[in-house]
Amino acid sequence: MATRHVSGDSWPIEVDVASAIAVYKGDLMIQSLADPQVGFPASNMATHVTDLATVQEALHDAFLGIALEDKLAGKAKAVQVATEGIFEIPITAAAAAPVGQLYGCGNDDDSGHTPPANQRALAVAAANRSFGVLVKPTLAADTHAHIRIFGTKTTGGMKTMV
Amino acid sequence: MGTKLLSGNPNSIVVDMASAVVCKPGDAIILNIGATSLGFPASNMAAHLTNLATVQEAVHDSFLGIALNGKVAGRASQVRVATEGVFSIPIAAAAAAPIGTLFGLYNDDGLHGAPLDQLAILVATANLAIGMLVKPTLATDTHAHIRIFSTKTIGGPQTMA
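Protein sequence lines, in the order shown, are assigned to chains Y and L. Numbering-wise (our numbering), the first sequence opens with residue 1 and increments by one. Numbering-wise (our numbering), the second sequence opens with residue 1 and increments by one.
If you are wondering where the hints come from, they were derived from the structure by calculation, not from laboratory data. All of these numbers come straight from a predicted model, not from anything done at the bench. Each hint should be verified, as a subset may be incorrect.
Non-contacting residues of chain L with respect to chain Y, defined by C-beta distances greater than 12 Å in every case (computed) [to be verified]:
| no. | residue |
| --- | --- |
| 1 | K4 |
| 2 | T101 |
| 3 | D108 |
| 4 | K135 |
Sample of chain L residues facing chain Y (criterion: CB under 10 Å; computed from the structure) [what the hints assert, rightly or not]:
| no. | residue |
| --- | --- |
| 5 | A124 |
| 6 | L133 |
| 7 | F149 |
| 8 | T153 |
For each residue, glycine too, the CB sits at the ideal point set by N, CA and C.
Let's have the full structure, built from the sequences with the hints guiding it.
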């Protein structure tokens, strides 16, 4: 099952997306570095940099939120994007994790420098690589996690305690 | 057209104001740092400091939020103030700006005049800002959609980790 909104005010914004790009409901959305007036799903990230950690940080730095609706390729249309809220997101490498665990994006092999996956999360160690925080403990067998997201561009992103 | 609430939970608070102060819906409200702990519209700021940046930082440091109702002079009363929410706010010096651009208050001369209660301009750093742009602006726009963050109740706009 794909990413879905579970609860909480989503603080939605409208994001312009280039006509050629398809968006699926639940996709992680990032702001274009080349043209910050538009956004696109994370898998369209142009630079895949050197390793998963830098891919995760690049996504964090440009993170807008999670798409609340679909857009067909070939159709010019703005997409509603949730900048906050609790989402159920598919996870890989599940492990027992407590409330407060940080999550960032995964990618094809969850190790190299391929583009991020649009609807998958992976536990991370630092806020500068995360897009949200776990709000319900996970078990080792879980395939999804309940994650509270924070759009970096409109809220400053996930914070650590002082 | 002045500032108006567009969307989002405003997490409103009630702020006491001095009898002589006039407040209009949409005014940016700051906390009096003096002994009285009253709030007032930003244009009543006592010290106008040395330049626009220091005026903007002073507003940021004491920013409570945006007034949701008004108050006439000569009446001691309380004003309900939104500490969060997305607002349409008139802007000075419009330019094409993307989502995430920081905005602070502007004043009447771009120098050290008192801030205007309902006029924003883009700023470079979070310590000068009252909120972030949530809808891209064009060079011809007269208003911007800005998500505000009260400094006094939630720490103001934050920069990313």
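Evaluation of the provided hints:
1. For K4 of chain L, the condition that its CB be more than 12 Å from all CB atoms of chain Y holds, with the nearest at approximately 17 Å.
2. For T101 of chain L, the shortest C-beta to C-beta distance to chain Y comes to about 9 Å, within the 12 Å cut-off, and the non-interface label is violated.
3. A cut-off of 12 Å between C-beta atoms confirms that D108 of chain L is not in contact with chain Y; the least separation is 29 Å.
4. Interface exclusion of K135 of chain L from chain Y breaks down, the closest Cβ pair being 6 Å apart, not more than 12 Å.
5. Because the smallest distance between the Cβ of A124 of chain L and any Cβ of chain Y comes to about 15 Å, over 10 Å, the interface hint for this residue is violated.
6. A hinted interface residue such as L133 of chain L counts as satisfied when its beta carbon comes closer than 10 Å to some beta carbon of chain Y; here the least separation is about 8 Å, so the hint holds.
7. A distance limit of 10 Å between C-beta atoms decides the matter here; for F149 of chain L the minimum to chain Y is near 8 Å, and the interface restraint holds.
8. The closest approach between the C-beta of T153 of chain L and any C-beta of chain Y is roughly 15 Å, which is over the 10 Å cut-off, so the hint fails.
Checked against the numbered hints above, the structure violates hints 2, 4, 5, 8; every other hint is satisfied.
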